[in-house]
Amino acid sequence: MNENKHTTLSTGNNAVATAVRDAKVQVVAAYPITPQTEVVEQIANFCENGIFDAKYIPVESEHSAMAACIGASIMGTRAFTATSSHGLLYMHEMINWAAGARLPIVMANINRALGPGWNIWADHSDALQTRDTGWLQVYVSTVQEAYDTTLMAFRIAEDQRVYLPVMINLDGFALSHINQLLTTEPIEKIQAFIPPYHLDHAIDPNNPRGYGTMTAADQFVQIRYDIERSMRASCAVIEEAEQEFAKACGRTYSWTDEYLCDDAEILIISMGTLGKEAEVAVDILREEGVKAGSMRLRWFRPFPDIQSRLVGRDLVVIDRDYSFGYGGIIASSIRAKTGLESYNVIAGLGGQEVTYLDIASFVRERKIGKEVWFGIEETKNGYEISRSDI
Amino acid sequence: MSGIPTTEYLKKCTSSCPGCSATLILRYVLKAAGPDTILVVPACCTSVLQGVYPNTSFDVPVYNVAFASAAAVASGVAAACEYTGKKTNIIAFAGDGGTVDIGIQALSGALERDTNFLYICYDNEAYGNTGMQRSGSTPHGAITTTTPTGKRHFKKDLDRIVSAHNIPYMATSCAAYPKDIYTKVQKALSIKGPKFMHILTPCPPGWRYSSEKSIELGKLAVKTGIWAMYERENGKLKLSSQTIAAIRKPLPIEDYMSPQGRFKGLDPSQLTKTKQEIQFNLRRLEREAREADEDGAEEGA
Numbered sequence: 001m002n003e004n005k006h007t008t009l010s011t012g013n014n015a016v017a018t019a020v021r022d023a024k025v026q027v028v029a030a031y032p033i034t035p036q037t038e039v040v041e042q043i044a045n046f047c048e049n050g051i052f053d054a055k056y057i058p059v060e061s062e063h064s065a066m067a068a069c070i071g072a073s074i075m076g077t078r079a080f081t082a083t084s085s086h087g088l089l090y091m092h093e094m095i096n097w098a099a100g101a102r103l104p105i106v107m108a109n110i111n112r113a114l115g116p117g118w119n120i121w122a123d124h125s126d127a128l129q130t131r132d133t134g135w136l137q138v139y140v141s142t143v144q145e146a147y148d149t150t151l152m153a154f155r156i157a158e159d160q161r162v163y164l165p166v167m168i169n170l171d172g173f174a175l176s177h178i179n180q181l182l183t184t185e186p187i188e189k190i191q192a193f194i195p196p197y198h199l200d201h202a203i204d205p206n207n208p209r210g211y212g213t214m215t216a217a218d219q220f221v222q223i224r225y226d227i228e229r230s231m232r233a234s235c236a237v238i239e240e241a242e243q244e245f246a247k248a249c250g251r252t253y254s255w256t257d258e259y260l261c262d263d264a265e266i267l268i269i270s271m272g273t274l275g276k277e278a279e280v281a282v283d284i285l286r287e288e289g290v291k292a293g294s295m296r297l298r299w300f301r302p303f304p305d306i307q308s309r310l311v312g313r314d315l316v317v318i319d320r321d322y323s324f325g326y327g328g329i330i331a332s333s334i335r336a337k338t339g340l341e342s343y344n345v346i347a348g349l350g351g352q353e354v355t356y357l358d359i360a361s362f363v364r365e366r367k368i369g370k371e372v373w374f375g376i377e378e379t380k381n382g383y384e385i386s387r388s389d390i
Numbered sequence: 001m002s003g004i005p006t007t008e009y010l011k012k013c014t015s016s017c018p019g020c021s022a023t024l025i026l027r028y029v030l031k032a033a034g035p036d037t038i039l040v041v042p043a044c045c046t047s048v049l050q051g052v053y054p055n056t057s058f059d060v061p062v063y064n065v066a067f068a069s070a071a072a073v074a075s076g077v078a079a080a081c082e083y084t085g086k087k088t089n090i091i092a093f094a095g096d097g098g099t100v101d102i103g104i105q106a107l108s109g110a111l112e113r114d115t116n117f118l119y120i121c122y123d124n125e126a127y128g129n130t131g132m133q134r135s136g137s138t139p140h141g142a143i144t145t146t147t148p149t150g151k152r153h154f155k156k157d158l159d160r161i162v163s164a165h166n167i168p169y170m171a172t173s174c175a176a177y178p179k180d181i182y183t184k185v186q187k188a189l190s191i192k193g194p195k196f197m198h199i200l201t202p203c204p205p206g207w208r209y210s211s212e213k214s215i216e217l218g219k220l221a222v223k224t225g226i227w228a229m230y231e232r233e234n235g236k237l238k239l240s241s242q243t244i245a246a247i248r249k250p251l252p253i254e255d256y257m258s259p260q261g262r263f264k265g266l267d268p269s270q271l272t273k274t275k276q277e278i279q280f281n282l283r284r285l286e287r288e289a290r291e292a293d294e295d296g297a298e299e300g301a
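Chains as they are written, first to last, in the numbering used here: chain A, 1 to 390; chain B, 1 to 301.
No lab work stands behind these hints, which were simulated from the structure alone.
Some hints could be false.
Derived lysine-lysine pairs resembling BS3-like cross-links, with alpha carbons at most 30 Å apart [to be verified]:
hint, chain 1, residue 1, chain 2, residue 2
1, B, K223, B, K264
2, A, K291, A, K276
3, B, K249, A, K24
4, B, K87, B, K156
5, B, K192, A, K24
6, B, K87, A, K24
7, A, K337, A, K380
8, A, K24, A, K247
9, B, K192, B, K273
Here are the simulated distance ranges between beta carbons [claimed, not checked]:
hint, chain 1, residue 1, chain 2, residue 2, range
10, A, Q222, B, E216, 27 to 35 Å
11, A, G369, B, T84, 43 to 51 Å
12, A, G250, B, S15, 40 to 48 Å
13, B, S108, A, H6, 25 to 33 Å
14, B, K264, A, H201, 12 to 20 Å
15, A, V221, B, L271, 25 to 33 Å
16, B, I247, A, D204, 14 to 22 Å
17, A, R209, B, G296, 50 to 58 Å
18, B, D255, A, Y225, 50 to 58 Å
19, B, P35, A, S308, 28 to 36 Å
20, B, S108, A, I178, 34 to 42 Å
21, A, R229, B, N234, 22 to 30 Å
Facing chain B, from chain A, some residues (calculated, C-beta under 10 Å) [what the hints assert, rightly or not]:
hint, residue
22, Q26
23, N45
24, N49
25, G50
26, I51
27, D53
28, A67
29, A79
30, M94
31, G210
32, G212
33, C261
This structure is a prediction, so every number in the text was calculated from the model and none was measured.
By construction, the Cβ of each residue, glycine as well, lies at the ideal position given by its N, Cα and C atoms.
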């Protein structure tokens with residue numbers, strides 16, 4: 001055990017703020033929103049108490065939060081922000097700008113439902129509405145994972161092969177506000193893991209260039225294609241970062257977090273904290289003789305290559321989100337990528353309570369090819385959406 | 001022009017309209033600022049007249065950003081410069097739409113947070129880049145493509161909004177007076193903290209006059225008093241000599257309005273209201289300048 005490691009009780013939000021401090025972020029611009037507030041409060045505290053030398057910009061909106069990060073990042077400084085729900089959507093324009101400008105900004109998004117009605121609880125609809133913006137997206141499920149993944153996010157985003165922003169997602173309250181043990185790493189180890197910030201295309205008055213000028217279609221297509229090329233290149237960078245992190249800190253992460261998947265006949269697929277709930281459901285089902293496993297997706301962009309792990313098994317996909325007129329976003333992504341049908345359970349919207357007992361029931365009641373909305377009686381036996389009608 | 005450097009930071013290949021006075025003022029802004037300068041430009045005429053990627057006609061770095069975001073992006077640039085100890089001039093250069101309308105929230109935030117930058121609003125009194133729709137800065141009675149019979153509302157008093165933020169330096173100027181612009185930009189950039197300049201830029205296609213008349217119309221705007229030039233340093237107002245002259249002996253407002261097609265439909269009652277507005281505004285500025293003078297005299301005594 002490394003004596004410089006420090007273990008304490010921490011919330012998910014505090015774990016993110018601590019990682020931001022430990023990663024030596026240079027500019028933080030953020031606007032408070034429930035349930036993200038503790039992230040910005042803690043960072044502001046670190047700055048005011050002199051234990052963190054970042055410039056903290058208390059902006060007047062989320063749009064300006066991302067805009068200020070864009071300004072700081074293009075100047076060659078490491079930038080971070082955190083938001084949630086309506087805040088994420090309010091900055092949507094600038095989220096696109098950050099990726100288009102190839103800026104390795106890191107953002108924590110505390111997943112929360114979108115109004116109306118006002119609802120501050122966990123829901124993945126916010127982040128998934130930004131899935132096509134060119135950001136890498138990762139969803140975490142524990143306080144330790146939030147800290148570790150935030151550290152890795154800087155290394156991945158700032159890799160020259162990537163130069164794209166990374167969004168770390170934590171379930172509102174279910175992770176942001178719970179306390180778990182958190183082991184933090186010594187600064188020297190983190191500095192060795194995350195090289196100093198360097199941006200090849202940083203603004204330099206000695207080499208004046210036009211950034212984001214009018215761009216004709218030919219060049220525009222090339223620029224967009226380059227984003228996708230880097231998104232694909234990020235797969236190797238993510239794997240390298242996770243392997244190096246495991247070597248340095250002893251904690252292993254991957255594209256997915258799998259629990260008893262190897263011999264499973266049924267896979268429960270989910271994201272965020274429901275994935276941890278699903279592991280308990282698997283234990284219960286295994287005791288009943290049902291060979292279930294849990295596969296929690298960590299990375300959603302780039303989308304993991306999981307086809308070989310899914311083929312030949314019954315898939316129960318839990319979506320804490322919905323694309324109206326189409327279906328659950330994870331289930332439809334899996335169908336689009338692999339051609340595989342699943343039993344798609346829409347569950348946990350707006351912080352709806354979903355227990356491991358409920359998840360075990362989803363598995364027992366599964367009807368592959370059907371969609372159900374947990375808590376909506378009329379869909380209990382499978383709600384058939386004829387895709388040809390859409 | 002005496003005292004102004006001959007170095008050019010705008011190349012002769014911008015795609016500006018003939019007679020564009022916004023481009024003209026940028027020429028003098030950059031001469032005053034020098035090469036260690038970053039321009040932050042939201043959607044506006046300046047974002048299209050630089051040229052097409054990968055080329056640029058500007059000899060300083062230009063960061064083109066989303067419409068509402070100029071002051072916020074500049075905040076981030078300023079924070080980065082503060083962190084790294086760079087002394088680079090940070091200038092947000094935005095049109096009236098990007099300032100008085102969609103960008104006002106970010107501007108207000110950046111001013112309130114004591115951001116070390118200069119924000120310049122070049123005001124051609126409409127959304128020029130998109131084809132001259134009305135903005136909050138369009139004057140009463142002016143025809144635009146979204147006010148085809150003339151604007152019913154009055155021009156938003158941006159300067160009073162900005163001055164309410166109690167910033168260390170703000171100034172107004174007009175494209176017809178490049179030396180005034182040059183001097184004020186230099187002064188602004190010598191001061192730490194948020195600085196603001198509001199510069200009237202006559203626009204031939206928008207205001208519907210022939211392109212050789214931009215300077216003439218700029219001068220008429222000041223001489224008739226519809227546009228006042230002043231500085232406000234630490235809250236104290238000082239009228240510029242051109243505006244003092246206009247208060248003493250104003251030219252009739254008709255001299256300014258009649259060459260412009262946008263005021264063609266102005267009826268007598270609207271003209272009366274405009275005259276009243278000019279008088280009200282000049283009297284207020286004069287009173288404020290006199291009070292600042294008296295305060296200064298008391299402090300000096």
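Hint-by-hint comparison with the structure:
For the hint linking B/K223 to B/K264, the alpha-carbon distance of about 21 Å falls within 30 Å, and the restraint holds. Annotation: proposed proximity of A/K291 to A/K276 holds, straight-line Cα distance about 17 Å (limit 30 Å). Between B/K249 and A/K24 the CA atoms are separated by roughly 61 Å; this puts the pair beyond 30 Å, and the hint is violated. A hinted pair counts as satisfied when its Cα atoms are at most 30 Å apart, and B/K87 with B/K156 does not qualify at roughly 34 Å.
The suggested pairing of B/K192 with A/K24 holds, with an alpha-carbon distance near 27 Å, which does not exceed 30 Å. Restraint check for B/K87 and A/K24: satisfied, since their Cα atoms lie roughly 22 Å apart, inside the 30 Å limit. Only pairs whose Cα atoms come within 30 Å are accepted, and A/K337 paired with A/K380 is accepted, the gap being roughly 27 Å. Restraint check for A/K24 and A/K247: satisfied, since their Cα atoms lie roughly 21 Å apart, inside the 30 Å limit.
A hinted pair counts as satisfied when its Cα atoms are at most 30 Å apart, and B/K192 with B/K273 does not qualify at roughly 40 Å. Roughly 46 Å separates the CB atoms of A/Q222 and B/E216, a value that falls outside the hinted 27 to 35 Å. Roughly 57 Å separates the CB atoms of A/G369 and B/T84, a value that falls outside the hinted 43 to 51 Å. Separation of A/G250 from B/S15 is about 58 Å and departs from the stated range, judged on CB atoms against 40 to 48 Å.
For B/S108 and A/H6, the Cβ-Cβ distance of about 42 Å falls outside the hinted range of 25 to 33 Å, so the restraint is violated. The hinted range of 12 to 20 Å is not satisfied by B/K264 and A/H201, whose Cβ atoms lie roughly 49 Å apart. Checked against the hint of 25 to 33 Å, the pair A/V221 and B/L271 fails, with Cβ atoms roughly 53 Å apart. For B/I247 paired with A/D204, a C-beta distance near 46 Å fails the hint of 14 to 22 Å.
Look at A/R209 against B/G296: about 45 Å separates their beta carbons, and that is not inside 50 to 58 Å. Range check, B/D255 to A/Y225: Cβ separation about 56 Å, and the 50 to 58 Å hint holds. The hinted range of 28 to 36 Å is not satisfied by B/P35 and A/S308, whose Cβ atoms lie roughly 57 Å apart. Roughly 37 Å separates the CB atoms of B/S108 and A/I178, a value that falls within the hinted 34 to 42 Å.
Roughly 53 Å separates the CB atoms of A/R229 and B/N234, a value that falls outside the hinted 22 to 30 Å. At its closest, the beta carbon of A/Q26 sits 5 Å from a beta carbon of chain B; the interface hint therefore holds under the 10 Å criterion. Contact between A/N45 and chain B, as hinted, is not supported at the beta carbon level, the nearest pair being about 18 Å apart and thus beyond 10 Å. Nearest Cβ of chain B to the Cβ of A/N49: about 18 Å, over the 10 Å cut. The hint is violated.
The interface hint given for A/G50 is violated, since its Cβ lies 15 Å from the closest Cβ of chain B, which is over the 10 Å cut-off. Because the beta carbon of A/I51 sits about 16 Å from the nearest beta carbon in chain B, more than 10 Å, this interface hint is broken. With a cut of 10 Å, the hint placing A/D53 at the interface with chain B holds, because the nearest CB-to-CB distance is about 8 Å. About 4 Å separates the beta-carbon of A/A67 from the nearest beta-carbon of chain B, less than 10 Å, and the hint is met.
About 7 Å separates the beta-carbon of A/A79 from the nearest beta-carbon of chain B, less than 10 Å, and the hint is met. A hinted interface residue such as A/M94 counts as satisfied when its beta carbon comes closer than 10 Å to some beta carbon of chain B; here the least separation is about 6 Å, so the hint holds. The interface hint given for A/G210 is met, as the beta carbon of that residue sits about 3 Å from the closest beta carbon of chain B, less than 10 Å. This hint holds: A/G212 has a C-beta 4 Å from the nearest C-beta of chain B, less than the 10 Å allowed.
Because the beta carbon of A/C261 sits about 43 Å from the nearest beta carbon in chain B, more than 10 Å, this interface hint is broken.
Hints 3, 4, 9, 10, 11, 12, 13, 14, 15, 16, 17, 19, 21, 23, 24, 25, 26 and 33, counting from the list given before, are not met by this structure.
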